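Novice: Hints in hand, dock the two standalone chains.
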Amino acid sequence: MVRLAASAAVSVAVPARERASSALSLGFVTGFLSLIVALPIAALVWASREDGASGFWDAVSSPEGVAALKLTLVMAAVVALVNAVFGTLIAWVLVRDRFRGKSLVNAVIDLPFALPTIVAGLVLVALYGPSSPVGVNVYGTRTAIALALLFVTLPFVVRTVQPVLIELDTEMEEAARSLGAREAAVFRRIVLPNILPGVLSGVTLAFARAIGEIGAVVIISGNLPYRTELSSVFVYNRIQSGDRSGAAAVAVLLLAISFVLLLAVGALRRLATRHDAAA
Amino acid sequence: MPLRSLGLRGVAIGYLVVILLGPLSMVFWRTFEHGFGQAWEAISAPGSVHAFELTLIIAAIAVPANTVFGVVCALAVVRGRFRGKGLVNAFVDLPLALSPVVVGLSLFLLYGRGGWFYGLFADHGIQILFALPSMVLATIFVSVPFVAREVVPTLREIGNEQEQAAHTLGASGWQTFWRITLPSIRWAVVYGVVLTTARCLGEFGAVAVVSGHVEGKTETATLRVQDLYENFNLPGAYAISLVLAAMAVIVLVTMTVIRPREEIA
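Protein chains in written order, with the numbering used here: chain R, 0 to 278; chain Z, 112 to 376.
Looking at chain Z on its own, in the form it has when it is part of the complex (with noise of 0.2 Å):
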């Protein structure tokens, strides 16, 4: 018995430092192969330091608009009462299973020329294809389902008893969400914060589609890493690709704080 667990465990572990923890444990080693120096100086160039401004950027606009509409969403569904709760459900869920490609694609074909958004932009000399707006929607279609997703279930456990007992004292609905149900979800939120925007961090398929990858402008931290590649500057990509691994770590170690405390709310 001890023996056979004592395999059962090598076995798991042994997959993932095979697919998992051995390729992670290669950036560290690839970045400061050749020095502290080089690696540094690839993050300071000016490309980087805009891509990683660019992807901040996108992250500030993409992550408070899903935690909105994620929180709100999760209320809708689970304590109101309409028709096409299944379609609602299903849109939101459409992100966790669509390729990101198809997404940019979507975006591309509705706002690129012979779309049906084209002429409202254009005509007003706005740019959303190659330009922030759209990498800001493709960021916003990806990350859609996460708050939602996590706080649903919790809506649910938690039930609707103290919103009743609040209301019926003569609580706003206002009130009612501020006092009682944001502080019974917070946890969740949180959590879907965090998932929201470890996804919005490292969005590539559908950025890549709509962008159009210029360095200095339109080049997100995620694109310079495969435009770096590509231009064989490994060093460079190696680099980029520890800061964001780096920031993968910081999304990890909060979720792993969270969780605990989120089962026992």
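Pulled out of the complex, with its shape left as it was, chain R reads as follows (with noise of 0.2 Å):
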């Protein structure tokens, strides 16, 4: 529809030398996706086939690597579970809530997108690490894994749902409640619907970050291999040790995910802007 409708307002006669512009910037962009994305994926999943399809199976069913890959797989879900329920209420917080501070507050929720990972991993070491002042010391464990993620994660959802919240009208909530919907009612029945679409794209995107996130994890995880060894980890120790196939092989592995993640948010967002596109 949207497309049908741009093309027939593009059509008043479009000049020669237009068409030489626009074909030279499309030349421009695919010439610079292609050197900086797509050249590089190429030579990984290129390089990843090098030793067959039995030498890559072998780098990706490594006992190391499959406990690596199961480690982040249940980290990131963990990570997107909480930041479901917290993203959702610290959003909820910001929109309906009025109180001294709130601007501060919500400026402070872009900072984990400001500041370097590392930054965020000492930082944490700092105070949940084996110096700590208030005498939690996670060092090496899930736990510090789970934080650091968190730490990185935090902007995801509240940044979806943030706008969501601020367009929903309150009016249906108040007639529920007029009508004697209690509270959890009016929130399961009538906001949870309308935000579940922004919920659930900020969470994929909350699990994609998690999945791939090395910076804030090296210095609090410890890494030890079976035990607090996350997948971006266990790749970069591989290319350390000169194991350039089976670096890869767990990289195509994690880039494929990133993929079907990507798919995820795309579909989410074309639900979540369904009503626009008909306008």
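Everything labelled a hint here was simulated from the structure, so no lab data went into it.
It cannot be assumed that every hint is accurate.
Pulled a few chain R residues facing chain Z out of the computed Cβ check, cut under 10 Å [said to hold, decoys possible]: (1) V92; (2) F98; (3) A119.
Keep in mind it's a predicted model, so treat the numbers as computed, not measured.
Using N, Cα and C, we set each Cβ at its ideal position, and we do this for glycine too.
Specialist: This is the structure:
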């Protein structure tokens, strides 16, 4: 629908020079993306199949690699769930609540986007590491990994739910309340269905980020094989020890997961803006 | 009702303190724990100064490259008609979901020994891996999406009526871009540039794979934090971190100042 309308508007006699400049810009975009993103990715996929299908399978199914991948997926899922609850809650407080310093709290949410992840890891180890001033030492445990991943993924759900809550009219909720609905029912039956696509796309982005994170976890997790070694760290260690095809095989697996998650986010985004597109 | 909302507020702020604000406050305390002098010594050490310089040089190349790309790409995706738009979108979004280590490894395999581009540069004595070029490439890769992702929705929103009008009145494509399109997307571009800058200054994983970590040569500020930490030079690691955190706060303040204007535009 949108595409039809747009093409109708553009078809007002486009002169040759315009067409040449749009071909030029398209060429630039394709060339840039090929050189920066597509070619390296292609080289990775190519290298992963150097040892054949069995070599690929051996590399992917090494006990250490499997343990790392399992841990990565479980940690990312836990972190995504915690974000679903607390991200929504924070967005709710930022939109519906009123208190002094709210704009400051709102600004602070973006800090994990602005802060280098290695700094995040270092400050976490300062508070929750061996010389913790509050007496909590989680260094080298899975709790430490969860904390680091929660730090870097904090903004995703908040920032996808917040705009939806701002747009959401409170009239429906008031109507439900005046008809005797309890707060829990109002949230579950009116608010939640509206914010769900936002929550899900935020959760998916947080999950993807958690799967690939290295900077925040590398300092605090201790990187013990089979216990606290995540896939990204596993790949990094393979590279350092010169095992190119082993690193490439697991990396291709991570790449495939990223693609699937991006497709999911795209589908959710279309779901959320369905009414806009139809207009 | 007020009690309940007070409870929610308390939980939300409590969570932020445990996850974010508590740890962050530690960087100030730990940096100045042993006095200002020691912190300054760590920051002004030759290795640190070089690391900051290298970080800034990489950002100074990667940010403009991604700004030009982001604007052109957004224009092509929103205004253009071509096959494979979905593919372009997918590649632009990919760095958001991909592990930086995988990005680094990809470049490593493309430009390293046995890679497709290895001979191309090695024959001319140009070093890509373990040198500035690969670090720049890695940084550009991870920060590709930000400008494009900010500009696309703004371009959609403003529509192309004004551009059409300018066009009908005889403006060239170039004039239309500078006088009509760019002024209306400028805040989105600035916002994207701020995000790109933050990502470039803070990149760790991708650069860690391709750089080789040579102090005074290929060590950026974030890599130096890790190296100092691993060599038990904690005060040094905290001091460098404090400078990086200060940059992040500047970025954050800029974002906060820009955002309302962007929404008005």
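Novice: Does each hint fit the structure? Answer for all of them.
Specialist: Verification of the hints:
Because the closest C-beta pair between R/V92 and chain Z is about 4 Å apart, less than 10 Å, the hint holds. For R/F98, the interface hint holds, the least distance from its beta-carbon to any beta-carbon of chain Z being 6 Å, beneath 10 Å. Restraint check, R/A119 versus chain Z: the minimum CB separation of about 8 Å is within 10 Å; hint holds.
The structure shown violates none of the earlier numbered hints.
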